[in-house]
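*Asks:* Keeping the supplied structure of chain A fixed, place chain B upon it in accordance with the hints.
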Amino acid sequence: MRSALGTTALASLGFATFATRVARADTPTLDWEKPISCPFDDKGQSLRVQCEWTAAGRRCLVAPNALPSGEPLEGVQPCAERGIEYRELAGPGVTVVRALPEVQPGYVRAATGRPYQVQFDLLNRFYFGLAWAPTFLREHEGIDAVKPFSRAQAEMGMHVSLLSPSGRSRHDLRILEGSVMLADFEVQGTLFTYDYQHLHRRPSFWITSFIGEPRVYPISDPLGWGFRLLTLRDRPASNRAVVDTELGELHAAWNPWQSPDLYSHLRVEGGVALGKFWPRRADVTKNLGGGAWYAGPTAAVRFRTSLGNGGLHYLFADVEYARPRHLDGPRAGSWFNRFGTTLAYEGVLLAINDQPISLRVGASGVARDDLIDGNSTLELKLTTGLRFSLWAPPRTFEPMPQLEDP
Amino acid sequence: MLATAYATGARADDYALDETGTHPFKVRFDPASRVWIGSSVALRAGPERAVASTSRLDFGLAYRGAPRTSTGATWQLDHRFVSGFVQPAGVPGQKYVALDVTPYSIDVLRHDDSPHVVLPLSPPVSIPFPFDVGFQAQLARVVVGSSTVFAHDGRGLGFARLGVVRAAIVLDPWRSGLPGRSFELGFALRYDVDAYGFGSGPVTTYVHRFAPLTATSVRFRFQSLDGLTTLSVRAEAAPHWTSERRWALEGVADARVERTVLAIEDQPITVGVETTYRYAPATTFTFAEHEIRAVAGVSFALDLR
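From first to last, the protein sequence lines stand for chains A and B.
Those letters in the first sequence? Residues 1 to 406, by my numbering.
Those letters in the second sequence? Residues 1 to 305, by my numbering.
Pulled out of the complex, with its shape left as it was, chain B reads as follows:
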């Protein structure tokens, strides 16, 4: 069993022995390298001031690479493929089911034990630079809203968004050097296309939103050494230019904690709780919205390490 464990990329100290001392079982996991599918319940409070509950199907594939360079720097590459959720129950007044799916995203963080900035003078000058650097990218995120947006004329409009691209530069002053642990300050470029009236009527109005590195974010991530517990707290404020020829502000804040509670044949089962606050800006024909969402669920995962 231990020989097999080495062959699959896991390490010997990822396993412990049972009471008889004969059967090894996995006690350390990589929560960023797995395929998962799960079910959760979401409670949402929006402009209509009523709390609605819906069930969701969560899924995704993630993989973490951690190559080392010849100079001793460590890269942390977190890939995610086709991750998100779907709400199987339909939304009243909308033709399509609500979902939030991102085909691909990547978080990169480079850790150097002695970070520095080199000024190309003669001779070159090295200045200590107390940050880990990295970048984030997200492509083609598709969101179909789980609630309607209220127009000025009282109509409820369906909502969908295509997050064409999001690319951010991040700086991490914590420089933990450990997988899944960071405190990131990010400056992002974003281009989104919002469709108001999507799936709810004959007319769909599109609003283009562009943030030229003005989307500012703060994210704290923590992962226990055994990979059983993860915590993520993030906030982003995104001043952006719209196709309505004016600036607008969008904001989001979320916190998520996950804990592996069981494993069947060394494949983890996790429970997670997440809360999200979102501020959607007004348009020339819709009101601004505040939305709070709380989600709790269970996921079954297949470890990729």
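Same shape as in the complex, but just chain A:
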């Protein structure tokens, strides 16, 4: 009797699965991580089957293995070589449940059966964007005839963020990231940035005290490090005639707060930078060896977080300070200040062929001493624009091991 009921249940399956909307929460979905069998039913049609043992017996989720049009399913796992036979589904103690085909994490299936991405990792993407960027200077210097509300910027960059579960660490790379103001062609960009952070459980090092009885103390602070290569600022706010390049910057970092997968963090950095500037743009093309050098300490506090696990909303905040010293040139021996702060929100609005378009709203403030005369300039820039991202895979929520590899 039970096997007859099981056969009846099987017979009621078929392509009706996709006649229902995906939004039905009561229809289970096959698990992406578990093996899937692909037997053929009595009519020769392929099914996707995933079974598990429960207290009540064997429960098998059964889904079609093709779209209603007969085309093969996209975005599914390969079938197991030795799987469940169709006749086993009609066996005693087997409960057959109609289900939807599996879909990889970060995706859902449309009513047509096609998977589409609903989670995005904006730390892994190539992007280019356009933004309205009204800019206010303390005295409107250097913008010439361009009014502050008529500024717009184009931007691009590539981000790569790699999680190493075995090392309980994350590597962040930013490549060819920069922007250009369309009104006056102010260019800012960095060739390459690397940052390392970890959440080691093993102590980073041990300190022994010999004051009194010898005692040893484990130190496992979440330290990190990073560097920047070749940051260009052409027509900076402090002096539009100057070409300023930071050739390299190296810093150590401390992460007082990190999410368990190191995706979100609060980071404090301290380091040194070396740079060179040319007082007049024409000097760069005539004499690359000219200009004047500067070097000095840098500091930064950086914050980034994903709001929720959906990968749709992000918050970024940075505060940077540098105090380099002129090494040569007319102002050799004098120090100057650079201070900058940025606050930005980015949210995914829609996706075209699983490539997200995000809205980015931000504000940045810069206080910088002029490299020629030492006078200070204040700049406030508000940006509202769109970014089109390529790649941006779904966020990976891979569990971290208890201990990193030694």
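In case anyone wonders, no lab produced these hints; they're calculated from the structure.
With beta-carbon atoms standing in for the labels, derived distance ranges:
#1 B/243 / A/215: 55 to 63 angstroms
#2 A/337 / B/59: 34 to 42 angstroms
#3 A/209 / B/126: 47 to 55 angstroms
#4 B/17 / A/29: 47 to 55 angstroms
#5 B/23 / A/260: 23 to 31 angstroms
#6 A/225 / B/57: 20 to 28 angstroms
#7 A/373 / B/18: 57 to 65 angstroms
#8 A/225 / B/249: 52 to 60 angstroms
Some chain A residues flagged as far from chain B (calculated, every beta-carbon gap over 12 angstroms):
#9 105
#10 137
#11 185
#12 225
#13 241
#14 245
#15 260
#16 285
#17 321
#18 380
Using N, Cα and C, we set each Cβ at its ideal position, and we do this for glycine too.
*Replies:* Below, chain B alone, put in the same frame as chain A:
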């Protein structure tokens, strides 16, 4: 970790276990086998009767060997390479920075449980000899003075010394047999070349000084069993013949104590205090000088054992 400790030459009892009983950490060190770099502050009082303070950069490499002979005697060989200090801040009136660097020196002490002297008679006669014997050698020590020397005409002259060689025979009546512990009586041969006016003017006057085993020294060394604390007290009086065709007397006395207070990843950090008194003899054109120096500093070391 303990297996690694054996492999590097350390012994199991050099380590203790932490409170959890899982992590071994080093509690015994060999202060004579390490590479070190440190920073110190020196206070100096000289003929000008003003106390001057300067900062120093200390460095060096030392290694202690302790081979045993087939007859049961133990040798203690203390090597030092490129050890000394540099004062990065310049000295007023001098062209070169002050420094005191010795490329190589060695202290050797032989300990025998039953020391004796054999007289080659027939039959040979063995006489108890209650001393450990050894020798010391130092090559090419370079000193650039941190202060000027006052000439008879009132000029302040820069000073430099090349300690070409110092070789001494030492006797140790204490015969402790333990590393770093000795009470040594030494008789040394020395040859130094002093350069007056070095780096301070167009003319440099050289004075050669030769002590034919007349440099007599006393040195007391103590090292705790765990190697965390060391003490050294030394005094030397050196009557010597000079190229000015006369005898002169040079004297030095110093005391130094060091203590390891911390270790990072089993690499020691030590603090040290040293006081030195030096008497420099007069020449035909300069006055004799008394100098007192006190130094306190911190060193970071990389253990070689």
